[in-house]
Structure formats: C-alpha cells, structure tokens
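Trainee: Knowing the structure of chain A, use the given hints to seat chain B on it.
Here the protein sequences line up with chains A and B, keeping their order.
The first sequence runs 1 to 179 under UniProt numbering.
The second sequence runs 1 to 250 under UniProt numbering.
Just so you know, not all the hints are guaranteed correct.
Said to hold, decoys possible - Derived pair list, reagent style DSS-like, types lysine-lysine, alpha-carbon separation capped at 27 Å:
{"#": "1", "chain 1": "A", "residue 1": "Lys36", "chain 2": "A", "residue 2": "Lys92"}
{"#": "2", "chain 1": "B", "residue 1": "Lys165", "chain 2": "B", "residue 2": "Lys132"}
{"#": "3", "chain 1": "A", "residue 1": "Lys30", "chain 2": "B", "residue 2": "Lys36"}
{"#": "4", "chain 1": "B", "residue 1": "Lys132", "chain 2": "A", "residue 2": "Lys3"}
{"#": "5", "chain 1": "B", "residue 1": "Lys36", "chain 2": "B", "residue 2": "Lys73"}
{"#": "6", "chain 1": "B", "residue 1": "Lys59", "chain 2": "B", "residue 2": "Lys29"}
{"#": "7", "chain 1": "A", "residue 1": "Lys176", "chain 2": "A", "residue 2": "Lys159"}
{"#": "8", "chain 1": "A", "residue 1": "Lys8", "chain 2": "B", "residue 2": "Lys59"}
{"#": "9", "chain 1": "B", "residue 1": "Lys228", "chain 2": "A", "residue 2": "Lys36"}
{"#": "10", "chain 1": "A", "residue 1": "Lys30", "chain 2": "B", "residue 2": "Lys228"}
{"#": "11", "chain 1": "A", "residue 1": "Lys3", "chain 2": "A", "residue 2": "Lys44"}
{"#": "12", "chain 1": "A", "residue 1": "Lys92", "chain 2": "A", "residue 2": "Lys47"}
{"#": "13", "chain 1": "A", "residue 1": "Lys3", "chain 2": "B", "residue 2": "Lys130"}
{"#": "14", "chain 1": "A", "residue 1": "Lys8", "chain 2": "B", "residue 2": "Lys130"}
{"#": "15", "chain 1": "B", "residue 1": "Lys130", "chain 2": "B", "residue 2": "Lys73"}
{"#": "16", "chain 1": "A", "residue 1": "Lys3", "chain 2": "B", "residue 2": "Lys228"}
{"#": "17", "chain 1": "B", "residue 1": "Lys130", "chain 2": "B", "residue 2": "Lys165"}
{"#": "18", "chain 1": "A", "residue 1": "Lys154", "chain 2": "A", "residue 2": "Lys44"}
{"#": "19", "chain 1": "A", "residue 1": "Lys47", "chain 2": "A", "residue 2": "Lys154"}
{"#": "20", "chain 1": "A", "residue 1": "Lys30", "chain 2": "B", "residue 2": "Lys231"}
{"#": "21", "chain 1": "B", "residue 1": "Lys130", "chain 2": "B", "residue 2": "Lys177"}
{"#": "22", "chain 1": "B", "residue 1": "Lys59", "chain 2": "B", "residue 2": "Lys73"}
{"#": "23", "chain 1": "B", "residue 1": "Lys165", "chain 2": "B", "residue 2": "Lys59"}
{"#": "24", "chain 1": "A", "residue 1": "Lys92", "chain 2": "A", "residue 2": "Lys44"}
{"#": "25", "chain 1": "A", "residue 1": "Lys116", "chain 2": "A", "residue 2": "Lys161"}
{"#": "26", "chain 1": "A", "residue 1": "Lys30", "chain 2": "A", "residue 2": "Lys8"}
{"#": "27", "chain 1": "A", "residue 1": "Lys36", "chain 2": "B", "residue 2": "Lys132"}
{"#": "28", "chain 1": "A", "residue 1": "Lys30", "chain 2": "B", "residue 2": "Lys166"}
Unchecked claim - Some chain A residues close to chain B (C-beta under 10 Å, calculated; not the full set):
{"#": "29", "residue": "Pro17"}
{"#": "30", "residue": "Tyr18"}
{"#": "31", "residue": "Val24"}
{"#": "32", "residue": "Arg86"}
Simulated from the structure, these hints should not be mistaken for laboratory data.
Glycine included, each C-beta is placed from N, C-alpha and C at the ideal position.
The residues making up each chain are set out below.
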Amino acid sequence: MQKLGDFKLPPFFNYPPYFTLQPVRDTREKQIQLWKELILDYCKTQKIFIIGLEEEFPLFANPVIERSLTHEARETFLSALVSEGRAEWLDKGRRKCLILWHRIQDWADIIVNFVKDNAFEDGVLTVEEIRSGIESRGTELYGLDRIILMRALKLLEHKGKLAIFKGTSTDDEGVKFSI
Amino acid sequence: MRRRAGIGGLQTAAAARDQYRLLGENVAKIKTDLMKEQLATFRSQLEDFARKHKNDIRKNPAFRSQFHEMCAKVGVDPLASNKGFWAELLGIGDFYYELGVQIVEICLETRSHNGGLINLQELCTLLRQKRKTSREAVSEDDCLRAISKLKVLGSGFEVISVGKKKLVRSVPTELNKDHNEIIELAQGQGFVTVDEVERRLSWTSGRAIDALDILLDEGFAMIDDGHKDGKRRYWFPCVSSIASTVNTDA
Numbered sequence: 001m002q003k004l005g006d007f008k009l010p011p012f013f014n015y016p017p018y019f020t021l022q023p024v025r026d027t028r029e030k031q032i033q034l035w036k037e038l039i040l041d042y043c044k045t046q047k048i049f050i051i052g053l054e055e056e057f058p059l060f061a062n063p064v065i066e067r068s069l070t071h072e073a074r075e076t077f078l079s080a081l082v083s084e085g086r087a088e089w090l091d092k093g094r095r096k097c098l099i100l101w102h103r104i105q106d107w108a109d110i111i112v113n114f115v116k117d118n119a120f121e122d123g124v125l126t127v128e129e130i131r132s133g134i135e136s137r138g139t140e141l142y143g144l145d146r147i148i149l150m151r152a153l154k155l156l157e158h159k160g161k162l163a164i165f166k167g168t169s170t171d172d173e174g175v176k177f178s179i
Numbered sequence: 001m002r003r004r005a006g007i008g009g010l011q012t013a014a015a016a017r018d019q020y021r022l023l024g025e026n027v028a029k030i031k032t033d034l035m036k037e038q039l040a041t042f043r044s045q046l047e048d049f050a051r052k053h054k055n056d057i058r059k060n061p062a063f064r065s066q067f068h069e070m071c072a073k074v075g076v077d078p079l080a081s082n083k084g085f086w087a088e089l090l091g092i093g094d095f096y097y098e099l100g101v102q103i104v105e106i107c108l109e110t111r112s113h114n115g116g117l118i119n120l121q122e123l124c125t126l127l128r129q130k131r132k133t134s135r136e137a138v139s140e141d142d143c144l145r146a147i148s149k150l151k152v153l154g155s156g157f158e159v160i161s162v163g164k165k166k167l168v169r170s171v172p173t174e175l176n177k178d179h180n181e182i183i184e185l186a187q188g189q190g191f192v193t194v195d196e197v198e199r200r201l202s203w204t205s206g207r208a209i210d211a212l213d214i215l216l217d218e219g220f221a222m223i224d225d226g227h228k229d230g231k232r233r234y235w236f237p238c239v240s241s242i243a244s245t246v247n248t249d250a
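Pulled out of the complex, with its shape left as it was, chain B reads as follows:
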C-alpha cells in the first residue's frame, strides 16, 4: 500500500488497523467458543462414560488405570478435589484417600524393620492384606496414585526407582546415587558385602564403607556377621522378600 501523505492518510491507516484488530478478535472469539464447546462436549462425554462404567472403574484396577490415563490426556484430574463432580460420581477420591491413609499406616508399622524404605510390591501385598474385607481390588498403579496424593502433605513420601524395582520412601532421608546403586546391587541376593560393592561398582573401599555406614545408620540396612565365610553381610529389608511376611499387627 502506498503511503499517502497528510492527516487523511494517517486516519485511514489507523482505521484500517482498528478494522484488522476487530476482525482478529472476532476470529479468536469464535475459535475460543468453538474450543469451549468442544471441551464441554468432551467433558460431558467423559462424564457419561464415567457414569456408564462406574462399576468397572471402581472394581477393575486395570480399567481404572486406563481411565486415569485418559483423564490425564485431557487435563482432568478426578482426584483433584473431593468435593467435585468426579468424587461424587465415582467416590474415587475417597478410595484414594483411604488407600493413602492405609499406606501411611503400613509405612509406619514397618518402619522399625525397614528404616522407612519399602518395596512397592511388598507395600501392595500388605495393603491387600489390610483391606481384605473390602471388595475393590488394588493395583500398584492405585498405590502410586495414592502416594502421589500424599505428597501434598509434604511428609516426604516419595517413590524412587532403584534398578527394576520401585521403592516407597516414607522418611525424609535423601538417598544419593551411591546408596541407590548399593540397594540395586542388593536386589540380587538381599544383601551385599564390602568386597562385592568394591568389585561390582569399581569403588574404593572407603567409598563403599562410607555409603554402607550411612545406610546402616539410617536403618535401611542390617549387618550379619554369622556367615561361615566370616565376611560381614549388609542386608536390606526393603529388597528382601522375607520382609513381606513381617507381622504388621504389632
């Protein structure tokens, strides 16, 4: 567009800008409305779906997990508020809060045995034992969801991955990389020796002993001097299956 001189030219230019802006706003508004409409439709569809499959969601852990995934994709968190529509519809909030409370109880009960670090699998087993009267099945996925809700309490509940296993930490102690590697190594037999740590991880003996001492102090490990080879073994209740039978009624 050729620029014309004078006030008239400037006014025309300004008017044109206004026109463009107006048009742009209209387009944006239409798009937003459309989006809102789509979302509303989607939401109502999701609600219909949830209503229709309410029982499946409540009873079938695999189905529940998929439903959660679907919700996450569209940015709906069925657990976000206990007062919300979702909680009312599914009672799902209560379910996870209940699980959360039971998880905390189990972690406290077993803490003196495992130092506050527990295998997710074991936690689930104990959780199922605890809930044997209630009809709904509980999956590891449910456990993880319940634990993620516990994080708001700031109590230091965290799920950490060590090797192939997931461990739930219920004490504020941070584990560093060295500790994680040792626990991962211990997953093989349930215990490690200083020699083994040095050899398998190519560490100096000082580094191995330091890390093991800390794990011992934190109550994550126990020593065993009773083997006939005379070498001290460091056992980790959090990775040993024997721990799963520890009496939780105590």
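The following block holds chain A by itself, in its conformation from the complex:
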C-alpha cells in the first residue's frame, strides 16, 4: 500500500478515475464521500489545519498514477466538508480552507476537559499557553491552529464559561476560566 510518510493511503487513491469529478450523481456522491474521509483523516493525523487550494498539498496529486485534482475538484471536495461543518472557507475567493476534523463545539469540549484535568477551573491562561504550554503537551490542543482555538474560546465565552481579555504586560490575549 502506498504511503505518505506514516500515513496509509486508501486504495481509491491509486485508481485514476477518482481524480476526475464523476458526472453521474451516485458515483460522484461516493467519490466525494471517500475524498472527504481521506482529507479529514489525513489532516487529523498530520495535524494540518489549513489547506491552500492553489498550494501544493500531498493529497491533491498522486505521482504514482500521474493524476492530480483539478481546482474544481478540490473546491468540490472541500465545499462538501464545509457544508457539513467540517471545514470553513477563510476567504471569499475560496483559496484557503480551515479543516475542522473536530467541530468547533468538539474543540470547545476538549478545552473544557483540559482545563478540568489541570485544575484551571477558575485560573488564567494565555491563548498561547493553551496551544503551546507545558500542560497542553501531549494533548490535542498542542499546536492547535490559532484561528480554531479562538473560535472555540469565543464559543465558550458566549456560554459564560470564560472571559477573554487583552493582557497588559504581553501582546497575547488572556483567558479567565470560570467553569
């Protein structure tokens, strides 16, 4: 089986027609489904948060069978993820896409658990500490994309579980939990 680093590629990745958008509805739905799963799976294992449509991305081309996805196909697959809440376009031109292998709500839950595990229930952390501090090492939060983290924090703020404030001594924003 073909691999990308330590990632096992699914068999369909070696089947040329999966790189051409299929005209027949049922076939196309199946095709989109397979690509959606592959993109989410790959991004999750490789900790990739943003896909640039015009940039090189290992899944967009398979040199072994000399096939690559057209721009239209890339946009179709990512749009399908967007419509399920598993991705978001970062710009109107749809050139950059945020991949949410966990939905924002799920990220928020992970943050809550992280806070509880480390007894920060009414403590203060900076945003940077959440995504790169010692406590977050080895958790899914480590290295989390800042855009996603902020979305999740805002969601929790909205629910009254924390307050985001601008720090005085550092440039970074602080988070006061009240879980």
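Mentor: Below, chain B without anything else, positioned relative to chain A:
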C-alpha cells in the same frame, strides 16, 4: 392370426388384448420396482459415502465440488431443502445459506464502488476475508452454488460470463451484448477509450458513446480525464484488481 367371424371371435380377440395388457403391466411393474430398488441402493450408498466423507466434504472445496457433481448426475440436490436428510447429515445447506448472506452483504457494500457488478474472483477474495475466522475453505465453485441459491429470491442475482472472467451482477440492470463486449475489452487494461472501442470492435462512434454512457449512468464505469494524452478513459471497477482492496468495513 386369421380373423374369425362371429361373437366368439371378437371375444377371443378382446381376451387376448387383456392378457397382453396384464402381462405388459406386470413387466413394467417389475422394471419399476427394480429401478426403485436400484435407486434406493444408490441413495443409501451415496448417503454412506457422504457420511463417511463428511469431513472432507465440509472442509475440502475440491472434494465438495466433485460430490456436488456426482449428486447432480443422479438427480439429488443436497441443497434442495434445509430440512432434508442431506442438510442434517452434512450441514451443507447452512453452509451455503451462510455464504449466500455474506455474498449479498459484500455485493451491497461494494455496490457504490462498482455499480453492482463484481468480479467473481474479487468476490471470493472478499468472502474469504470476511470469513477468515471460520475454518472451511471457500472455492469459486462454492460461490457459484450459493449464488444459484440466491436466484430463488428473485433479487436479480446472476453470474454472467464476460470474456474469460465471470462477473456477479447484483442489480437488475440487464447488460446487452454491446455492454458485455466493452467490459470484455476493458479487462485488458482496466479501462477503454472511445477510440479503442471503435477500432477494436469496429463500431461507429455513436454506438460506442451510447453504450459507454449507459454503463456510466448505471455506475459500472467511471471517467478519467486526467491522462496526459487528453483522451477520456472509462474505467471499470468490476474488472480492475485495484477494486479488490476497496475497504469493505465501511
């Protein structure tokens, strides 16, 4: 015999006819009895044989296939009824019904990929993967037998021969001769192009495109515009070996 005149003559003739008929019936009865006896002997022999080689029949696919052949020759169908002696003796009915159910499952699982047309070899491979816990080996012959039992369901399960390969069709779509020829052609490389179909089968381009469009609509084919020669390729998952690795756990 000279015909004699009068009532006496007629009576004699009638009596003679009765005698002949009686004799004929007796002979026929004796023959039938003899035949029945022979069949009974044969059946009991066959049963003895089956009992003796029960384990071989259950475990060895080649042996099983030969046993089936032998049964077919004498008009015994071990699969005919699950309640019958054969099923009790061999558990063979259960074996094939189980296979049948698993075949249906595989066909459903792979349908979105291959449109409901699957290579018999591939089906067997997937069947073996599915049954890896069970000890009995499964041959293509077993698959075919199980599929033939599925026909009673009227679900449109059918084995079709295309070129050298056997394909199992699990959707009601009928394939005509043109479609079969295209799929046969695709067995070479896994795909065909319109040009190739026209050239190899000496068809007009309209005929080739029509047939390919139908195969596409039915989900038996997928297009591939990505080759550098710019020619559209029509791939057939049912003949490509890559399809055999398609994830069936999904």
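Trainee: Taking the hints in turn, state whether each one holds.
Mentor: Checked hints:
1. A:Lys36 / A:Lys92: Holds - the C-alpha atoms of Lys92 (chain A) and Lys36 (chain A) are around 21 Å apart, at most 27 Å.
2. B:Lys165 / B:Lys132: holds, 25 Å
3. A:Lys30 / B:Lys36: violated, 59 Å
4. B:Lys132 / A:Lys3: Status holds; Cα separation ~26 Å.
5. B:Lys36 / B:Lys73: Cα-Cα ~16 Å, so holds.
6. B:Lys59 / B:Lys29: Violated: Lys59 (chain B) and Lys29 (chain B) sit about 43 Å apart, past 27 Å.
7. A:Lys176 / A:Lys159: It holds: about 13 Å lies between the C-alpha atoms, which stays within 27 Å.
8. A:Lys8 / B:Lys59: violated, 36 Å
9. B:Lys228 / A:Lys36: holds, 26 Å
10. A:Lys30 / B:Lys228: Cα-Cα ~25 Å, so holds.
11. A:Lys3 / A:Lys44: holds, 16 Å
12. A:Lys92 / A:Lys47: Cα-Cα ~24 Å, so holds.
13. A:Lys3 / B:Lys130: holds, 25 Å
14. A:Lys8 / B:Lys130: Measuring from Cα to Cα gives roughly 21 Å; hence the hint holds.
15. B:Lys130 / B:Lys73: violated, 33 Å
16. A:Lys3 / B:Lys228: Since the Cα atoms of Lys3 (chain A) and Lys228 (chain B) sit roughly 24 Å apart, the hinted pair holds (cutoff 27 Å).
17. B:Lys130 / B:Lys165: holds, 22 Å
18. A:Lys154 / A:Lys44: holds, 22 Å
19. A:Lys47 / A:Lys154: OK: Lys47 (chain A) and Lys154 (chain A) at ~22 Å, within 27 Å.
20. A:Lys30 / B:Lys231: The hint holds at about 24 Å.
21. B:Lys130 / B:Lys177: Measuring from Cα to Cα gives roughly 33 Å; hence the hint is violated.
22. B:Lys59 / B:Lys73: holds, 22 Å
23. B:Lys165 / B:Lys59: holds, 26 Å
24. A:Lys92 / A:Lys44: holds, 25 Å
25. A:Lys116 / A:Lys161: Holds - the C-alpha atoms of Lys161 (chain A) and Lys116 (chain A) are around 12 Å apart, at most 27 Å.
26. A:Lys30 / A:Lys8: The hint holds at about 20 Å.
27. A:Lys36 / B:Lys132: With a Cα-Cα distance of about 30 Å, the restraint between Lys36 (chain A) and Lys132 (chain B) is violated, given a limit of 27 Å.
28. A:Lys30 / B:Lys166: holds, 25 Å
29. Pro17: Pro17 (chain A) check passes; min Cβ-Cβ to chain B is 4 Å, inside 10 Å.
30. Tyr18: Since the shortest Cβ distance to chain B is 8 Å, the answer is holds.
31. Val24: With a closest approach of 6 Å, the Val24 (chain A) hint holds.
32. Arg86: violated, 17 Å
Comparing the model with each earlier hint shows violations of hints 3, 6, 8, 15, 21, 27, 32; every other hint is respected.
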